[in-house]
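Protein chains in written order, with my numbering: chain L, 1 to 182; chain Y, 1 to 182.
FYI, nobody ran anything at the bench for these hints, they're computed from the structure. Glycine is no exception: its CB is placed at the ideal position from the N, C-alpha and C atoms. Don't take every hint at face value.
What the hints assert, rightly or not - On the chain Y side, residues computed to face chain L include the following (Cβ under 8 Å):
(1) 86
(2) 97
(3) 101
(4) 105
(5) 120
(6) 121
(7) 123
(8) 124
(9) 129
(10) 148
There are 2 protein chains.
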Amino acid sequence: MRVLIDMDGVLADFEGRFLEIWRETYPKRPFIPLEERTTFYLSHQYPRQYTADIIDILSAPNFFSSLPPIDNAIHALSQLEQLDIDLFICTSPFHYYEHCVVEKYQWIDRYLGSHWIPRMILTGDKTVVDADFLVDDKGDITGVATPSWEQIIYDFPANRTVQSKKRMTWGNWEEVLLPLIA
Amino acid sequence: MRVLIDMDGVLADFEGRFLEIWRETYPKRPFIPLEERTTFYLSHQYPRQYTADIIDILSAPNFFSSLPPIDNAIHALSQLEQLDIDLFICTSPFHYYEHCVVEKYQWIDRYLGSHWIPRMILTGDKTVVDADFLVDDKGDITGVATPSWEQIIYDFPANRTVQSKKRMTWGNWEEVLLPLIA
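Put together the whole structure using the sequences plus the hints.
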């Protein structure tokens, strides 16, 4: 049994932190509350004239390292580690990789511990990673291959239009994910 | 058809650059000529008292970004790109990841171009990446899974004791690799 865990939006609160910085940096501009987010990419829902400013926030030093853990994620992973399964962190880095990639390693090191570093997979295409399950908040994960894994959607407003997939948070993973893998 | 290409020792001349820095930094110490290398890890063949100095070289800023391309590697990859196959760079970062991971992205960006960035896979375990072939200089690649890929050994003195695998360099890949994938 092998389970892949996505990072942004599943372990690390990418959307919450972005919104916090956006509102601090541009207090007079409109913002989209998390409950009203409808797209996976921020730039697809924010007005087009803000795209460069969004990229500036996401590509700045310390953006990825400053993401707070999602509620209960760290505790849940420590419980998953007790099971007799193979766990990997499977994450697609931001296109502007200068700070993102090392900060993803630093984040895992800091919050989960250095023994997770060899369990990290950074890939632009998750469909070529072989596993039983992938926990991920992205609604449409595509790539060159037909994935071997079944996706468990990590719930977020933007992915609630996605049907027919199992859906969980770290609040109810013991009811959704655990019976599938234990 | 999907082919994974390792980075250190296959695209980037890790061993050659290490030896160059070692001899410049410690001109009075013994060194191991490339033709006499017998182990995958440097620290397994250099005397034990030098391990920390080896790690210092490999973990210093600009070590990974300064690796020269291996002879004919860049040209060969541009030829492989013309084929109707899916190519990925599949590399395991150095344990001391601080400079290594971003410099691997920078290296690929610089020598192969930014369109390769989404084709990069950084993983501590290559056995979970699904492909037909992996070109790699490491003799014994293990992990949690039975790999789907067949390894093509990238020839280096340290891996010449490995039997029963196909063996190539970018000097003869058209005779060894090409007939398998085209």
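Evaluated hints:
For the restraint placing residue 86 (chain Y) at the interface with chain L, the shortest Cβ-Cβ distance is roughly 5 Å, inside the 8 Å limit, so the hint holds. Because the closest C-beta pair between residue 97 (chain Y) and chain L is about 5 Å apart, less than 8 Å, the hint holds. Restraint check, residue 101 (chain Y) versus chain L: the minimum CB separation of about 5 Å is within 8 Å; hint holds. The closest approach between the C-beta of residue 105 (chain Y) and any C-beta of chain L is roughly 5 Å, which is under the 8 Å cut-off, so the hint is satisfied.
This hint holds: residue 120 (chain Y) has a C-beta 6 Å from the nearest C-beta of chain L, less than the 8 Å allowed. At about 4 Å, the closest approach between the beta carbon of residue 121 (chain Y) and any beta carbon in chain L falls short of 8 Å, and the interface hint on this residue holds. Taken as an interface hint, residue 123 (chain Y) checks out: its beta carbon lies about 4 Å from the nearest beta carbon of chain L, inside 8 Å. For residue 124 (chain Y), the suggested interface contact is upheld, since its CB lies about 3 Å from the closest CB of chain L, less than 8 Å.
Interface restraint check for residue 129 (chain Y): the shortest CB-CB distance to chain L comes to about 6 Å, inside 8 Å, so the restraint holds. Hint on residue 148 (chain Y) holds. Least Cβ distance to chain L is approximately 7 Å, under the 8 Å limit.
The structure fails none of the hints (numbered hints given earlier).
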